[in-house]
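Chains as they are written, first to last, in the working numbering: chain A, 200 to 302; chain B, 200 to 302.
These are computed hints drawn from the structure, not numbers from a lab.
Worth double-checking, as some hints may not be accurate.
Computed list of lysine-lysine pairs in DSBU-like fashion (alpha-carbon distance at most 30 Å, straight line) [as the list claims (entries may be wrong)]:
(1) B/Lys254 x A/Lys254
(2) B/Lys282 x A/Lys282
(3) B/Lys215 x A/Lys282
(4) A/Lys215 x B/Lys221
(5) A/Lys215 x B/Lys215
(6) A/Lys215 x B/Lys282
(7) A/Lys282 x B/Lys221
2 protein chains.
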Amino acid sequence: MPEPTWTLSHVQRHIKALYGAKDASRGIEDTFMWFMEEVGELSASLRGDARHPLKEEFADVLAWLATLANVAGIDLTSALVEKYGQACPGCHQAPCVCLGEKP
Amino acid sequence: MPEPTWTLSHVQRHIKALYGAKDASRGIEDTFMWFMEEVGELSASLRGDARHPLKEEFADVLAWLATLANVAGIDLTSALVEKYGQACPGCHQAPCVCLGEKP
Chain A
200 MPEPTWTLSH VQRHIKALYG AKDASRGIED TFMWFMEEVG ELSASLRGDA RHPLKEEFAD
260 VLAWLATLAN VAGIDLTSAL VEKYGQACPG CHQAPCVCLG EKP
Chain B
200 MPEPTWTLSH VQRHIKALYG AKDASRGIED TFMWFMEEVG ELSASLRGDA RHPLKEEFAD
260 VLAWLATLAN VAGIDLTSAL VEKYGQACPG CHQAPCVCLG EKP
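When you get a sec, could you build the whole thing from the sequences and use the hints?
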């Protein structure tokens, strides 16, 4: 499937098609713990642990974030666009000119 | 901007346009710590902490994941499609029929 079809909404629908039945029965807390396990593996990978290929760990964290959003009933597109769609939510500029870090 | 344009690639480019200059100078470790701060706020929000609106926290975690991928030189579309694009990477079925959990 070509890249332009991989919208955030498509990612959420795709992950739901693959895992929706399991996800619905697991609940928020248990899903969050699986998400955190992948976040830990991403950390290991970023430190250079070859047992955790970096690209795969980013895929896993993103897939579990999509799962978590599905279980919590959050539309990631709407969430991102509302907060970051126009400009930095801190300084209201693009690019961000906040003093210090991101808001 | 309509929803269909919010591909994973667009998300990475948009976040880079807003924050790329700061992100490039921060480095992986410090970026990961900011990502983790937002993951913690997402956890609080999922527990019902009204100081952290759920939709905003999902937006923040996704934005920081995109930043982390930008800094690490990872294309999220390619990462997700390679691992999850066709079917479950564990059982190679869609929907997943793995025994137990996701792979």
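Evaluated hints:
1. B/Lys254 x A/Lys254: Given pair B/Lys254, A/Lys254 holds - Cα atoms ~26 Å apart, limit 30 Å.
2. B/Lys282 x A/Lys282: Holds, at roughly 29 Å.
3. B/Lys215 x A/Lys282: holds, 15 Å
4. A/Lys215 x B/Lys221: Between A/Lys215 and B/Lys221 the Cα gap is close to 34 Å, so the pair fails against 30 Å, i.e. violated.
5. A/Lys215 x B/Lys215: holds, 28 Å
6. A/Lys215 x B/Lys282: holds, 15 Å
7. A/Lys282 x B/Lys221: holds, 19 Å
In the structure shown, a violation is registered for the earlier hint numbered 4 alone.
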